[in-house]
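Asks: Read off the chains here:
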Amino acid sequence: MRAEPGRFADVAAKSVGAVWRAYDLQLTVYAALLAAFGLVMAYTNSVESGQSALTGTVFQRALMWSAIAMVVYIVMTAFDYRWLKTLAWPIYFVNLALLVMTLAIGDGVGGSARWVGIGPMQFQFSELAKILMIIVLATYLGNREGKLDSLGSILGACLLMGPAVALVMLQPDLGTSLVLASILAGMLFLSGASLRWLLAMAAGLLAVIPVAWTYLLRDYQKDRILSFLNPGGDVQGSGWQVAQSQMTVGSGGVLGTGLTNGGLVRGGYLPVQESDFVFPVLAQELGFIGAVVVFLLFMALLWRILACAWRSRDPFGTMFGAGLASAMLFQVFVNVGMGIGILPVTGIPLPFISHGGASLISLAIGLGVIQSVNIRQSRAEW
Amino acid sequence: MNATLLNPHRERDRRPIRFLVFGLITILVFGVLTSRLAYLQITSGATLAARAESQRTVAEAIPAPRGLIYDRKGRLLVANVATYAVKIVPSELPYGDRDTVAQRLGGMLGMQPSDILATIDSAPGSRFDPVRIAQDVPKDTARLVSESSQQLPGVHVAIETRREYPDGPLLAHILGYTGPIDGAAYAKLRSQGYLADDLLGKAGIEATFETQLRGTYGSEEVERDATGRDVQVLRTIQDAVPGASLTLTIDRTIEREATQALKWGMKAAGLKRGVFIVMNPQTGEVLALVSLPSYDNNLFARGISNKDFQALLRNKDKPLTNHAVQAHYPPGSTFKLVAGTGGLQDRKITPTTRLRTRGYLTLGATRFYDWNHAGFGLCNINCGFGHSSDTFFFQVAGMLGADRLAYWARMYGFGKPTGIDLPGEVSGIVPSNQWKLDTLGQPMFPGEVYQAGIGQGYDVVTPIQLITAYSALANGGKLYRPQLVHDVVGPDGKVITPFKPDLVRKMPVSQATLRTMRLAARSVVTLRHTYNLVDMPIKVAGKSGTAEFGTRDSKGRLPFHSWFVGFVPKDPYKGNFSDTTSQLAFLAFAYDSRTKGNAGTEIAKAFLQLHFHIKKDYLNRDLLRRGNFYQSN
Numbered sequence: 001m002r003a004e005p006g007r008f009a010d011v012a013a014k015s016v017g018a019v020w021r022a023y024d025l026q027l028t029v030y031a032a033l034l035a036a037f038g039l040v041m042a043y044t045n046s047v048e049s050g051q052s053a054l055t056g057t058v059f060q061r062a063l064m065w066s067a068i069a070m071v072v073y074i075v076m077t078a079f080d081y082r083w084l085k086t087l088a089w090p091i092y093f094v095n096l097a098l099l100v101m102t103l104a105i106g107d108g109v110g111g112s113a114r115w116v117g118i119g120p121m122q123f124q125f126s127e128l129a130k131i132l133m134i135i136v137l138a139t140y141l142g143n144r145e146g147k148l149d150s151l152g153s154i155l156g157a158c159l160l161m162g163p164a165v166a167l168v169m170l171q172p173d174l175g176t177s178l179v180l181a182s183i184l185a186g187m188l189f190l191s192g193a194s195l196r197w198l199l200a201m202a203a204g205l206l207a208v209i210p211v212a213w214t215y216l217l218r219d220y221q222k223d224r225i226l227s228f229l230n231p232g233g234d235v236q237g238s239g240w241q242v243a244q245s246q247m248t249v250g251s252g253g254v255l256g257t258g259l260t261n262g263g264l265v266r267g268g269y270l271p272v273q274e275s276d277f278v279f280p281v282l283a284q285e286l287g288f289i290g291a292v293v294v295f296l297l298f299m300a301l302l303w304r305i306l307a308c309a310w311r312s313r314d315p316f317g318t319m320f321g322a323g324l325a326s327a328m329l330f331q332v333f334v335n336v337g338m339g340i341g342i343l344p345v346t347g348i349p350l351p352f353i354s355h356g357g358a359s360l361i362s363l364a365i366g367l368g369v370i371q372s373v374n375i376r377q378s379r380a381e382w
Numbered sequence: 001m002n003a004t005l006l007n008p009h010r011e012r013d014r015r016p017i018r019f020l021v022f023g024l025i026t027i028l029v030f031g032v033l034t035s036r037l038a039y040l041q042i043t044s045g046a047t048l049a050a051r052a053e054s055q056r057t058v059a060e061a062i063p064a065p066r067g068l069i070y071d072r073k074g075r076l077l078v079a080n081v082a083t084y085a086v087k088i089v090p091s092e093l094p095y096g097d098r099d100t101v102a103q104r105l106g107g108m109l110g111m112q113p114s115d116i117l118a119t120i121d122s123a124p125g126s127r128f129d130p131v132r133i134a135q136d137v138p139k140d141t142a143r144l145v146s147e148s149s150q151q152l153p154g155v156h157v158a159i160e161t162r163r164e165y166p167d168g169p170l171l172a173h174i175l176g177y178t179g180p181i182d183g184a185a186y187a188k189l190r191s192q193g194y195l196a197d198d199l200l201g202k203a204g205i206e207a208t209f210e211t212q213l214r215g216t217y218g219s220e221e222v223e224r225d226a227t228g229r230d231v232q233v234l235r236t237i238q239d240a241v242p243g244a245s246l247t248l249t250i251d252r253t254i255e256r257e258a259t260q261a262l263k264w265g266m267k268a269a270g271l272k273r274g275v276f277i278v279m280n281p282q283t284g285e286v287l288a289l290v291s292l293p294s295y296d297n298n299l300f301a302r303g304i305s306n307k308d309f310q311a312l313l314r315n316k317d318k319p320l321t322n323h324a325v326q327a328h329y330p331p332g333s334t335f336k337l338v339a340g341t342g343g344l345q346d347r348k349i350t351p352t353t354r355l356r357t358r359g360y361l362t363l364g365a366t367r368f369y370d371w372n373h374a375g376f377g378l379c380n381i382n383c384g385f386g387h388s389s390d391t392f393f394f395q396v397a398g399m400l401g402a403d404r405l406a407y408w409a410r411m412y413g414f415g416k417p418t419g420i421d422l423p424g425e426v427s428g429i430v431p432s433n434q435w436k437l438d439t440l441g442q443p444m445f446p447g448e449v450y451q452a453g454i455g456q457g458y459d460v461v462t463p464i465q466l467i468t469a470y471s472a473l474a475n476g477g478k479l480y481r482p483q484l485v486h487d488v489v490g491p492d493g494k495v496i497t498p499f500k501p502d503l504v505r506k507m508p509v510s511q512a513t514l515r516t517m518r519l520a521a522r523s524v525v526t527l528r529h530t531y532n533l534v535d536m537p538i539k540v541a542g543k544s545g546t547a548e549f550g551t552r553d554s555k556g557r558l559p560f561h562s563w564f565v566g567f568v569p570k571d572p573y574k575g576n577f578s579d580t581t582s583q584l585a586f587l588a589f590a591y592d593s594r595t596k597g598n599a600g601t602e603i604a605k606a607f608l609q610l611h612f613h614i615k616k617d618y619l620n621r622d623l624l625r626r627g628n629f630y631q632s633n
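Order-wise, the sequence lines are chains E and V.
With our numbering, letter number 376 in the first sequence gets 376, and the count goes up by one each step, no holes.
With our numbering, letter number 495 in the second sequence gets 495, and the count goes up by one each step, no holes.
Note that these hints are calculated values from the structure, not bench results.
We treat Cβ as the ideally placed atom computed from N, Cα and C, and that holds for glycine.
It cannot be assumed that every hint is accurate.
[As the list claims (entries may be wrong)] Below, a sample of chain V positions facing chain E; criterion: calculated Cβ distance under 7 Å:
1) Ala-49
2) Leu-117
3) Phe-549
[Unchecked claim] Listed next, the stretches of chain V that the computed footprint assigns to chain E, with coverage defined by at least 3 CB atoms under 8 Å from CB atoms of chain E:
4) 38-47
5) 571-581
Starting from the given sequences, assemble the full structure and let the hints guide the process.
Replies: Next up, the structure:
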């Protein structure tokens, strides 16, 4: 363990080498490999949607966003994360402002408001909201160390998260609001919040479900859940997506059909194949083996994030890592689960693999902050 | 920075158990995902792959080229042309987008969005069957629609062949047209391989010979993408067999002559409807069949707009009705053939029996007037028929009685469809005592029998029945089924069904009787009952008819239809009417004629001049002036 607390005080103060040693190289490598998978999928989807191999817009955009994300990652690593704690409130309000703006001027499919055009690009601020809310909650919970098992901490965290969840829900984007809820749950759980209160709140949420079904969920959201419960019901509608993605996955077999050879994909059978349904395409073209490699990379990355969180002496770092890991685990589970037919269809991107600048930038910020925490542990001592 | 001022050596309040649980949850999540993936990809991979393959390939029908139609001289009367059609697959059109798509597509095609939606909703097939929205779409529009596929979900552009009828209205009542299959027909024909968006013959020969013309559709395995567009043809399962071609008995030249003559007469006499038929009495072959007004069957073949269709339906002269076979009218004096033949054959009269013809006949308190209020004195059949004496035939009909008169009418083919190769033929009415009992609850009154004798009672006939009857007179008593199709020719050029005259019956009439009637028909012309028809250099026999109908006007006059039905000998210049070799019978019918003379006769004359290239004009335009036939005499 390079990050053994005892050794920091001796070396970190003056040595670049010590900073390098505190830097978690494994984390970077796993993230880079996952991002590489994302590029490969962008390439194959470009080709299959009839664009030329290298100039295809999907692939080109993915390349551009990867480059931007790399820069963001380096900048965030170099940036002293402790400023984030100072800026937590401004960040919080900027985040809410961005979400309100999205509602006001955003575009989306069928009357929703999810993207905001910035020049030629579209940006989904709800993706950014995930990482910004992790920063805010980590600051809040870090400051309340010692009182974390009180009901007050739980309610405070819920109050902070509430407006963001509500704004995203209004877009309407059920998937992202669920991710935000999972961040809240994961951070509270790992912070050591009282299990009794957490369970009580979970029970309360379950009780609210019938009410939410009646008053909050939109028809298409209900359709998706219903079609998940009864996939044969509407072959051409939501259930069709579920059936199609399972067929896509299944036809991949152990070794896969090879990149750019997904027959169903080429035929346009799978909707939104470069974002929500990217995993079935990956599983089809790279097969069971390729999918398992991706799973292993995610597990390794989660392990590194949790390890960094664990060893951080700053409770902010611990909470931040907890939030990042929760969000990532939840997204992988829901996105992949949807693609292989064990969860209902929700528009949640698969980290690194789904195309989308906002998602990748958010990940770069998150991992950059983790590294920033890693390499500044020693300076904190000094 | 104060928040980070931590004592590095103080053990923080960490929760190892919680981190351990989180780690276990992570492992559990990936365990679940991996096992489900293994199930999908390893255990049921082959099944799912096969299902994925099968949904991409579908068996599609290969429409067979529809058989062509020629006239008796081999002139092409219909062509198949490739056109663009716009279709919608309802299942691919999200319900919420219907209105927008209909709006947008309507704008491109120049159609009412409501018509588009109505077409979709009334489609006979399932939601997955394409529905034809527009046929015969211009190339540029078709391109625009297919390039806008993003904005038009479920909309497809297909290439299909449609019928083109170069002669349009000239032959519309004979050829008919093809059109989209409707719900009732689809339900019935589906098992025979008809598609929900199929085209089929809906009127005329196209309808009656649908089976022969259609051929046999083939099928092929086609790879499709998710939007239903064909990507490629994988293999042909069965080749399509083109439909058989038809050679009609119609001669387009004669059809044109007949149309020209009829149009001339209708214009001169101010008529709204008319019929002209030309037939070969030796075989029943119909050489020309004209019913005016006509319509352009290309409108239907191209997909008629609702507006045009409603206009055709609203027209009170019924251009969509073939008045030669789909409507019946009182035959008037032409029907005296039946009374005459019956009286002779039943020996009520002989060729030399003379009856006194007066201005009227009294029956009880009712007077039955002759058209000639002076009468013709003592008349035999030749005189009675030749002058068309009503009182002569009142007496003959009285001798025969209602049932014998009906019997002879049926022998001539009246009261029953002739069986011509056209849809919707009506049967006409031959009144007998039984018929009147069944219909009106009383037997025929004697006065009604009188009226029946001159074709003015309950009798109604179709023009095709009347010419068939006179053809039987001309050919010596052989009643043939009129036919429009000469040969059915297979796609290989071999004749499948060669022409054969279809004898309905050999009439139970002696040749002597028929000869008497033919000579009497000749007298109609020679006695100048038909004015100057006799002056033509060809020899014509026939009978005119003036059939009153409808309601009397203020002066007590009835409107009337005017008929002329006749025939010429095999050699029209030198032949005679003792023999039975006539090869040309013709019929002219003028609906609601109000002229001084018989419009039918003038129309027939016009036709004969055209057909036999008679240079000198024998037309008597004075007779076509407005005025009532009964008044002028």
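Asks: Taking the hints in turn, state whether each one holds.
Replies: Results for each hint:
At about 4 Å, the closest approach between the beta carbon of Ala-49 (chain V) and any beta carbon in chain E falls short of 7 Å, and the interface hint on this residue holds. Annotation: Leu-117 (chain V) was flagged as interfacial toward chain E, and the flag is violated, the nearest CB pair being 19 Å apart, outside 7 Å. Taken as an interface hint, Phe-549 (chain V) does not check out: its beta carbon lies about 60 Å from the nearest beta carbon of chain E, beyond 7 Å. For the segment 38-47 of chain V, the stated coverage by chain E holds: 8 residues have a C-beta nearer than 8 Å to a C-beta of that chain, and at least 3 were required.
Residues of the segment 571-581 of chain V lying with their CB closer than 8 Å to a CB of chain E number 0, which falls below the three-residue condition for coverage.
Figure legend: structure checked against the earlier numbered hints; hints not met, in rising order: 2, 3 and 5.
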